[in-house]
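Each protein sequence line maps, in turn, to chains A, B, C and D. The numbering of the first sequence is this note's numbering, which starts it at 120 and goes up by one. The numbering of the second sequence is this note's numbering, which starts it at 120 and goes up by one. The numbering of the third sequence is this note's numbering, which starts it at 120 and goes up by one. The numbering of the fourth sequence is this note's numbering, which starts it at 120 and goes up by one.
It is possible that part of the hints are untrue.
Said to hold, decoys possible - Ranges of calculated distance between the beta carbons of each label pair, as one might list FRET restraints: (1) A:151 <-> B:146: 40 to 46 Å; (2) C:298 <-> B:140: 55 to 61 Å; (3) D:461 <-> C:261: 56 to 62 Å; (4) B:151 <-> D:133: 24 to 30 Å; (5) B:244 <-> A:396: 44 to 50 Å; (6) A:435 <-> B:146: 56 to 62 Å; (7) C:296 <-> B:339: 42 to 48 Å; (8) C:138 <-> D:461: 45 to 51 Å; (9) B:435 <-> A:435: 33 to 39 Å; (10) C:138 <-> D:428: 47 to 53 Å; (11) C:262 <-> D:465: 48 to 54 Å; (12) A:142 <-> C:138: 35 to 41 Å.
As the list claims (entries may be wrong) - A few chain A residues facing chain B, derived, Cβ under 10 Å: (13) 195; (14) 201; (15) 446; (16) 504.
It is worth saying that the hints were derived from the structure and are not from the lab. Positions of the beta carbon are idealized from the N, C-alpha and C atoms, including for glycine.
Number of protein chains: 4
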Amino acid sequence: VTDPLSAALAALLSRHVDLEEGQVADYIPELAGADPSCFGISMVSVHGQIYSAGDAELPFTIQSVSKPFVYALALSDLGLPRVARHVGFEPSGEPFNAISLEPGTGRPANPLINAGAIVTTSLIAGDAFPRIRDTMSAFAGRALSLDEDVYRSEALTGDRNRALAYLTSSQGVLARPANEATDTYFRQCALRVTATDLAVMGATLANAGINPVTGHRVVDEDVARITLSVMSTCGMYDHSGEWMVRVGLPAKSGVGGGITAVLPGEFGIGVYSAPLDAQGNSVRGMAALQDASTRLGLHVFAPVGEARTAIAESTVTGSALNLGLRGEINFTAAEQITRHIHEQVATFPISLIVLDLTDVTAVRPIAAELLAATGAGLTGRGVRIEPIDPSGILGTRSDTDPPPPNP
Amino acid sequence: VTDPLSAALAALLSRHVDLEEGQVADYIPELAGADPSCFGISMVSVHGQIYSAGDAELPFTIQSVSKPFVYALALSDLGLPRVARHVGFEPSGEPFNAISLEPGTGRPANPLINAGAIVTTSLIAGDAFPRIRDTMSAFAGRALSLDEDVYRSEALTGDRNRALAYLTSSQGVLARPANEATDTYFRQCALRVTATDLAVMGATLANAGINPVTGHRVVDEDVARITLSVMSTCGMYDHSGEWMVRVGLPAKSGVGGGITAVLPGEFGIGVYSAPLDAQGNSVRGMAALQDASTRLGLHVFAPVGEARTAIAESTVTGSALNLGLRGEINFTAAEQITRHIHEQVATFPISLIVLDLTDVTAVRPIAAELLAATGAGLTGRGVRIEPIDPSGILGTRSDTDPPPPNP
Amino acid sequence: VTDPLSAALAALLSRHVDLEEGQVADYIPELAGADPSCFGISMVSVHGQIYSAGDAELPFTIQSVSKPFVYALALSDLGLPRVARHVGFEPSGEPFNAISLEPGTGRPANPLINAGAIVTTSLIAGDAFPRIRDTMSAFAGRALSLDEDVYRSEALTGDRNRALAYLTSSQGVLARPANEATDTYFRQCALRVTATDLAVMGATLANAGINPVTGHRVVDEDVARITLSVMSTCGMYDHSGEWMVRVGLPAKSGVGGGITAVLPGEFGIGVYSAPLDAQGNSVRGMAALQDASTRLGLHVFAPVGEARTAIAESTVTGSALNLGLRGEINFTAAEQITRHIHEQVATFPISLIVLDLTDVTAVRPIAAELLAATGAGLTGRGVRIEPIDPSGILGTRSDTDPPPPNP
Amino acid sequence: VTDPLSAALAALLSRHVDLEEGQVADYIPELAGADPSCFGISMVSVHGQIYSAGDAELPFTIQSVSKPFVYALALSDLGLPRVARHVGFEPSGEPFNAISLEPGTGRPANPLINAGAIVTTSLIAGDAFPRIRDTMSAFAGRALSLDEDVYRSEALTGDRNRALAYLTSSQGVLARPANEATDTYFRQCALRVTATDLAVMGATLANAGINPVTGHRVVDEDVARITLSVMSTCGMYDHSGEWMVRVGLPAKSGVGGGITAVLPGEFGIGVYSAPLDAQGNSVRGMAALQDASTRLGLHVFAPVGEARTAIAESTVTGSALNLGLRGEINFTAAEQITRHIHEQVATFPISLIVLDLTDVTAVRPIAAELLAATGAGLTGRGVRIEPIDPSGILGTRSDTDPPPPNP
């Protein structure tokens, strides 16, 4: 018996498998040999469940899909301020191999064009390639291996990438000798992955840096958030704006035919199909992702529909107000709750508020802050708040805490 | 007694009021006269509550903050495909007044640079300016008025905007005579708003197109989503990428000193302070928004923390499985529920599943689809699903429905 | 009996008349109606003789060929330093309608792209169009008239030129209101000329600013030299470098089908044939000019062949040295003469040198300076120089004179 | 006794020696050590006379002044059509180290920017550096040697040039491996020259490819003409247009402090002074050249003054017309002569024309062609032309000869 999500993925593939446009990358013979008919997809939730259809376990080289993950490693090694001295965050409005160095600083525009990716690779400390391979493996939840033939072929034909390396070196933003940085870059691009690997890698970003399959933290929350932010504005090169309008999922594609896409907080998707459009993106992969987004409402800015009130129950008994909350307590919910409490306190002689958080699924920081401030204000007026919080979901941050370090 | 959210906003202002950098726009005398010390902020939830602090009711001209709202009107009039023939969605990597026409099509890169905004204005059907004023008023929830002096001064000094109009006209993408389009554009920029107006306007986009204060639908869901998407990649001109990394709220600023920012599904923020940085953005406004984002975790890709299970209760009684759900049923939740049902059905001789949705706050389309497919699969195996859905929150879309129109 | 030069021009036409490539300009109906088979050429010497073949007297609109002549008028009105504040001299590497404003100054790159030409037109003092028409007429040696239909049509379709005008206006480099400058520009482009007119206009530049047919000075020497310099580097837009390599004549073309080309100091050529290449240059006109250059060695840097000595005769009689000079006395000749004099003075007891300039055709300033310095040096040593200079060809400038005003 | 030309050069230096602006190139220590006070100039005529003043014999590295001479060698090796497949002729409007590859072909814009120079160097056949050194030595008239220290330092710091090499390699226009091409390029730039060497090298181009000091042909006429053409439009990078307006001599500068400038057909100039302006040109060198051009009228388009008639004598004796010609017979002169002959033949019963060319100094091809055609026409009418041409100066090319190969 197939589960319905796997069935939905299979249906998705069947709707686009006949799309015959595009050309398999042929600048090296190792890529040119890919079977244009293979087509696979995987979807991995932040709880670690994997659903897939088609050729989801077929290996191919990761190519440019490696870029955001190596960027995440560089952020982990050095922190955003130091990384930002070497590579920017701005969409360049130009193709993947553009020469977009920022006037003045000489920084490549962003880490997802080749120039920026090579600089990013040069920032990885220590024995760079093994560390990159290990981090990518941690993102994927299994040991990834190098396709030696692809690596050697890329190294032979990679003069444009060498040019970008020397150019950034001459600008003082490349952190290692140009030939060393490009060699590591060619290796990183030649790591073998499957559509399922890409989905797990995306799910790790969706899950705030913890691989939901292995349970291991790969990068921290801030790093995952920054990486997704850069993917959302720069991930599809000079079509990033249209991608955000039409699909609305931070994503990254590679000339190997793979794409990873992420719905933050929910899941990662990996797609594979070798034929590419003129911009170097998998034709069927793009079509499948756009279809999924439109049909299933996956867009990060898609409306949820009119949300119901977070207050499941409100009863006043003597001087006690009993509030039963439910669902995710975001700003909207916290604001409602605060307002409701103030109205009740103004109406009844209340001295105790019991906040039942048993059915609450999550509390956003802004909501925790608002509720804490409400509590503090009431305490000064003789009203005590008593949370029933069996799983300790209520945070304790307040406006007077020191702010988290600015990224 | 001040409510805690208003207090938090007042604290936010006090942290940045001493920031003395920036220059009030002085290209026309009417803007140069603004009081550089005024500073105000408003925050409006999708439930229509308004919180503010400082000079939140001080009027100023909307300027470029008008651009996304007129774009939303154009999308409403013509639909995305027709609008997209005239103006693109790509970040241009260039300043607000850049001449970024796409080679081949002659389209301005996006509707938030001046060239694209003028083209967008030219697309408004009928008596353009009154319609724009009425739509902006509907977004703000009150009748906005024109600052005649600012309008006349802008018209006198607006040669660069006239140049952009004639240029786009010569490319065949301007839909009206150049002098007519620029005249309407100068008027739209000279509409008077307050920080609270900008917050309500943002909240209308956050609320999927329905003004949460008036309850009137201004634009439809798709239009709100597209507008937010374009704001997220192009809203801060050549700093959009960095803004998404550091703040993570779709936003738009104007040289009048206003900024609107949106957390989709939750709220809109309006800020006002006249001194501008070199890129033409309010210095204190930017600082306040970045502070709020960092301190309160407002980033659209901020992690919610480890979400709790959506299954509040699961009991098997005879051949009946009773499932109590809670919170927002997104993909993650639906996938958990589906998986749990399959496990239970495989273990027990279940013929009836009671799905109690009473404590559910929202159901995302992807989740509804997944649950419907699960139900269909079980029906074929003799298992009936019985939802308890007092407020009809469970949608009915399925994979076999016609897809919604592709944007 | 046809003279041989007219015969050579006829032969030139016959070699290219069958060239069928190119399209008549069709952006306005008035140009689209031109007969693609018409083909004419004229050549005018600095002595005012006119040779022509084919449709050399057919009228057409001058279009962009007007640009260098209006630039010459602006230089005459204001001088180079003031003109240079408004428009530069650099080849832009871009097409005719490029938006190439210099960062910082906002100046158009040069006066031969449209933006620069419109700015140049705006610099003409007083009643601009009549003055332009009169100056162009003085260059052509006859009263030129306006093609009203072409003017009106250009004015209707000229939005890109209006854009360039407003853009330069917004940069502060346009000297008149944008609509006024473009209106004058459209008129200047719609003046009717013939291939012979263009040849006379070019010959006026070749002849250092004096119309060789009418004998009237139109502009001064410096203005003619500057104008030719700008034509040599910018005249053929983004093919100026290749034109200088392959043809080597300062030139300017127009979409009306005309081209003017100049061999400084010798002649002007005008060609007419309506079909244009993709860059907007007359196909047959370009072919004829390249053929003429290659076949006849017209390139400005073409070698003259080994020049013969300028000293026709040298005899010493008693204490007198008699030197008979001939031809053009340029630096090379003057250096030879000076060296010869020093050798003779060192060998013989010479007290008088008779310099016979009867057969000298021209003396370059550098040569006059060198001879004067030689004379001064000898005077101090008791040697007198006595020129025989029946036509006063020997100048008197010396190193101690104040330099001519720096352009 | 100093000759007057050397005195004029000394005076020129003294007028600019106090100019203290500019910075000695300091990107490598070997250049930074140059003495900023040294200043020298040399001028060499096409007859091989050398005049100099100041530090004209001080050695420095040739740097970018090597570019036109290596381009001349590439043209000699391969011919223009093959060279033009690799590098263009267009001014790029950009600085020396610009990345200006032509869209489509990937060719660098011209051979005088670094990218184009490296490609040009890669085109040199055989053992490239020795051949380049030998050709440069032939241009200079003495064996030039390599500054090993400068070469090694440039090689260590040359990442931007390596970038340009790999970039052009990736476009398929570099003819050798990138590291090989850059190594040769670094060597070529490190050849040691003096101001006098640069003057002789320029004089060789001025003299149509024959070194006027050694008398050896280095390159052929066409190559010299093409090289001068490219220098005239691209020699001063993004100031080439202004240089042509203000100085009017094809020229090339280098960061070593040298400049070579050429007045075609007359002389070459070499200047040396180490302090550079922001564009990398010798400050005093530029000033001295502009001063010389203005004061001495050296501009290639400078007017000669009103030229005198080329007909020194015209007498009719019986049926014989005796014409005594003088000076350079260019188009203007030949046209006059032809016209005069026709007038005489129409008036008198002439059967013999004696053309006395004894005092003629040069005959341009166009003039020879015109006279030959005149002769052919008259022969058909029974008039014989008898030249008196003691030195065989009259060429024999006619319109019916095959044209010379198109460059």
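Hint-by-hint comparison with the structure:
1. A:151 <-> B:146: 40 to 46 Å: Between residue 151 (chain A) and residue 146 (chain B), where Cβ atoms are some 56 Å apart, the hint is violated.
2. C:298 <-> B:140: 55 to 61 Å: Hint violated: Cβ distance 40 Å, outside 55 to 61 Å.
3. D:461 <-> C:261: 56 to 62 Å: 25 Å, violated
4. B:151 <-> D:133: 24 to 30 Å: 53 Å, violated
5. B:244 <-> A:396: 44 to 50 Å: 34 Å, violated
6. A:435 <-> B:146: 56 to 62 Å: 59 Å, holds
7. C:296 <-> B:339: 42 to 48 Å: This hint holds: roughly 44 Å between Cβ atoms.
8. C:138 <-> D:461: 45 to 51 Å: 32 Å, violated
9. B:435 <-> A:435: 33 to 39 Å: 37 Å, holds
10. C:138 <-> D:428: 47 to 53 Å: Since the Cβ atoms of residue 138 (chain C) and residue 428 (chain D) sit about 39 Å apart, the hinted range of 47 to 53 Å is violated.
11. C:262 <-> D:465: 48 to 54 Å: 32 Å, violated
12. A:142 <-> C:138: 35 to 41 Å: 38 Å Cβ-Cβ, so the 35 to 41 Å window holds.
13. 195: Interface hint status for residue 195 (chain A): violated (15 Å vs cutoff 10 Å).
14. 201: Hint violated; residue 201 (chain A) Cβ to chain B Cβ min 14 Å, cut 10 Å.
15. 446: With a closest approach of 3 Å, the residue 446 (chain A) hint holds.
16. 504: 12 Å, violated
The structure does not agree with the numbered hints 1, 2, 3, 4, 5, 8, 10, 11, 13, 14, 16 stated previously, though it agrees with the rest.
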